[in-house]
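*Asks:* These protein sequences, in sequence, are chains A and B.
1 is the number of the first residue of the first sequence in my numbering; add one for each residue after it.
1 is the number of the first residue of the second sequence in my numbering; add one for each residue after it.
Keep in mind that the hints were calculated from the coordinates and are not lab data.
Take the hints with a grain of salt, since some may be wrong.
FRET-style restraints, in silico, Cβ to Cβ [what the hints assert, rightly or not]:
1. B/Gly357 with A/Val78: 52 to 60 Å
2. B/Arg384 with A/Ala210: 39 to 47 Å
3. B/Leu540 with A/Ala210: 51 to 59 Å
4. B/Arg354 with A/Pro86: 19 to 27 Å
5. B/Thr422 with A/Leu39: 35 to 43 Å
6. B/Trp329 with A/Lys76: 30 to 38 Å
7. A/Thr123 with B/Ile330: 30 to 38 Å
8. B/Asp161 with A/Lys76: 30 to 38 Å
9. B/Arg315 with A/Ala79: 54 to 62 Å
From the three backbone atoms N, C-alpha and C, an ideal C-beta is built for every residue, glycine too.
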Amino acid sequence: MIEILPEFLPRFLAGVAVNLQIAALSLLLGLLLGGPLALLLAAGRWAALPAGGVVAALRAAPSFVVMFFLLNVLPKEVALGGLRIPLGGLTAVVLAQAVYAVAYVADNGVVALRAQRAGDAATAVLFLPGLARAFFVLVMASATAAAVGTPEAVFVTLRAAERLPSLGDRVQLFLLVMLFFTVLLRSGFAAVTLLRHRLERRLAEDAALAT
Amino acid sequence: MRALLLGLLLLLPLRPAAAAPAAAALAERMLAEAQAEAGSRDCETPADALARILCQGRIRVGVRGNYPGFGLAQPAALGEARSGYEVDLARAIAGKLGVGLTLVGVTPGNRIALLLEDRVDLLIATMGHTRLRDGEVRFVRPHYYRSQTVVVGDRRLKLPDWDAVRGRTVCVTLGAADTPTLSKHGARLLIFDSPQQMLDALRLDICTLAMHDDTFFATSFADRAFNARFEVKLGISDLPWGMATAQDDRLAALLDQVSIAWHAEGRFLDAARRNHIGTEFLEEARLVWRDPACLDPAGAARPDCLAAPVDTAIRPTRFAPRVEAVEDWIEARTGIDLNLPMLKSEAAYGMFLRGIGYSLVLVGGALAATLGFSLLFGAALCARGGALRLPVRAATTLLQCSPLVLLLFFAYAVASTLLPYTAGVALVLAILMVGIYNASYASHAIAEAHAALAARRPGGRVPFRRAVRAASVQLMSFLVNATKGSAIASMIGVPELLNALTDVTSFTSERVMTYSVLLGFYALLVMLVVWLTRLAQRRLDRAPPTAAEGGALA
Chain A
1 MIEILPEFLP RFLAGVAVNL QIAALSLLLG LLLGGPLALL LAAGRWAALP
51 AGGVVAALRA APSFVVMFFL LNVLPKEVAL GGLRIPLGGL TAVVLAQAVY
101 AVAYVADNGV VALRAQRAGD AATAVLFLPG LARAFFVLVM ASATAAAVGT
151 PEAVFVTLRA AERLPSLGDR VQLFLLVMLF FTVLLRSGFA AVTLLRHRLE
201 RRLAEDAALA T
Chain B
1 MRALLLGLLL LLPLRPAAAA PAAAALAERM LAEAQAEAGS RDCETPADAL
51 ARILCQGRIR VGVRGNYPGF GLAQPAALGE ARSGYEVDLA RAIAGKLGVG
101 LTLVGVTPGN RIALLLEDRV DLLIATMGHT RLRDGEVRFV RPHYYRSQTV
151 VVGDRRLKLP DWDAVRGRTV CVTLGAADTP TLSKHGARLL IFDSPQQMLD
201 ALRLDICTLA MHDDTFFATS FADRAFNARF EVKLGISDLP WGMATAQDDR
251 LAALLDQVSI AWHAEGRFLD AARRNHIGTE FLEEARLVWR DPACLDPAGA
301 ARPDCLAAPV DTAIRPTRFA PRVEAVEDWI EARTGIDLNL PMLKSEAAYG
351 MFLRGIGYSL VLVGGALAAT LGFSLLFGAA LCARGGALRL PVRAATTLLQ
401 CSPLVLLLFF AYAVASTLLP YTAGVALVLA ILMVGIYNAS YASHAIAEAH
451 AALAARRPGG RVPFRRAVRA ASVQLMSFLV NATKGSAIAS MIGVPELLNA
501 LTDVTSFTSE RVMTYSVLLG FYALLVMLVV WLTRLAQRRL DRAPPTAAEG
551 GALA
């Protein structure tokens, strides 16, 4: 197994970069579309009703199936002025993950908005670590892109595993990658917790100063 | 007997081409008659295609422009020259008829239409002879080539038989007729619009395997780098290729005789060698058509020496006409071009029903497994003894932090080595892994609820059922997650609805409605589970804590 590592590691790290890219783009779309939805949900009843319907539908949509739907329904390219932009597997993955991100931002955004209006800054500010948590969830979920041939980390791992001769070697490779994701995710969540504690501390200090 | 056959085979190439003169003579006679008739009659109203070609002194032949080895057109800037085996045949036919040649570029999508619209006189365009096409055009026989559908993959990959394709990604082109063979063996299909895109995907490692005609791969294998990396792994379905005319007329009959003569004389073989394409079929055909036993006394082919067309006809369901009527009705009233291919052919309908069945079992199983493993892991995480709690915590943490896709393939790698890997095994594996993955989260929620309750209770002892009830909201949300994630099982070859409809798409070419049906099905399934979990949650909230749960908290 060790002999494949020099070839595997650079490809794997490039794959991780693709996972991070998918998560970042999905979250960006989530903020752009989920933000207005959160505002509508926090507004009056008549605005909240249709927005609530949209968010409920997005929550119910299974991202993996949405990805295949988009992959087969989207045109192969779009023309913007004279520019032709290809829409491939990566676009389908980002949009499918954005479905989750939009619902997440809308759900958490409305809680933050209501808390802010009620003067509960401590709750409102939790929206930020929530976003960071959603980012790491999206990084994990972006591994489904392997199904449509996007060269992210799990895809690279599966291709490498296919060429390993023995079960033992394949198990070692899978465990190594699982360990990598565990370290990545735990570090990410630890950073989120740290961020949350700092925000809570700063708010407490501000409140103490105000009184 | 075997020695006699061997002797016969050795002698065959040495025998004179006895059949060739008879067939060629008949062709010459037919052509001479047609030329005499064209010379004597009014050319403004030619009797048939052959007369018109001879009168006009030009034949229009439809050929491919993007099929290496057979028909390639170079860009207009370079003079629009065409080359390839089929182009050489078109030139040879024009020469035989003594007329000029107009080459017309055709595609698989428009070639028959162009022939039937009289925009070409003859097709020599990589067209397989099937019973279905027999109803549309007249194929010239004997055939001028034969292809085989092959599966190509990396040389390092072991693929001893069809069962080994289960769970692997296979790139195919839209409308490929042989994809049901892959589906039957649990392969995961990635569909591409053109063969070139499919080939690029194979080169870029996007798919493990690619399936197409061997003739398409021939040029790629001529490339040393491609040949060093890939090889043919499996092969299916021989498909004879035929030239085609619009009518069963004198042009077709003349080309039948010309084909016999050219096989016997080795002219097809020479053209193939010049274009560096495979010659196995043409060598076989030369032996067949050099044998006088394959000709009748007039010099025409005996039917038993001709290769039969392939039967690729799709049998319609008994309710297909009603489905079509509904589609037409909707289109007439709404303008929506509804197309439901999964209901119109028996093969597609069978896959559709099977896919629904597997999806329902998968979701039901994933829910049960999530609930069961959540309680099991939760109980271990709430245990007082560290010997049980710590390893379960470590294992569930590792599971939580690993992408579900990776866990599925980890289980697949182990199971496919130890067990004969069937659809049933794939289903059980998927249920277990989706369940374990979601339970790793839900069990932590139970453990956290347990710890929180224990901190508020004197003595710190909390009944496990009480912790489960406290964590029920999270538990329900992971049950919904398990439903949403269940379709990922398609990646390890579970023939659930996503896989089934991808297979249907690959041979029916319809995508938009097929994937809309898929999305609707899974969205409804998720909504049903959301509704059921809310119902269960409401009941749980209403019911007072039992004695076993330790009664109401102080």
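*Asks:* None of the hints should be skipped; say for each whether it holds.
*Replies:* Here is how each hint holds up against the structure:
1. B/Gly357 with A/Val78: 52 to 60 Å: For A/Val78 against B/Gly357, whose Cβ atoms are near 38 Å apart, the range 52 to 60 Å is violated.
2. B/Arg384 with A/Ala210: 39 to 47 Å: Given range 39 to 47 Å: holds, Cβ gap about 45 Å.
3. B/Leu540 with A/Ala210: 51 to 59 Å: About 42 Å separates the Cβ atoms of B/Leu540 and A/Ala210, which means 51 to 59 Å is violated.
4. B/Arg354 with A/Pro86: 19 to 27 Å: Given about 35 Å between the Cβ atoms, the range is violated.
5. B/Thr422 with A/Leu39: 35 to 43 Å: violated (52 Å)
6. B/Trp329 with A/Lys76: 30 to 38 Å: Between B/Trp329 and A/Lys76, where Cβ atoms are some 32 Å apart, the hint holds.
7. A/Thr123 with B/Ile330: 30 to 38 Å: violated (50 Å)
8. B/Asp161 with A/Lys76: 30 to 38 Å: 35 Å Cβ-Cβ, so the 30 to 38 Å window holds.
9. B/Arg315 with A/Ala79: 54 to 62 Å: violated (42 Å)
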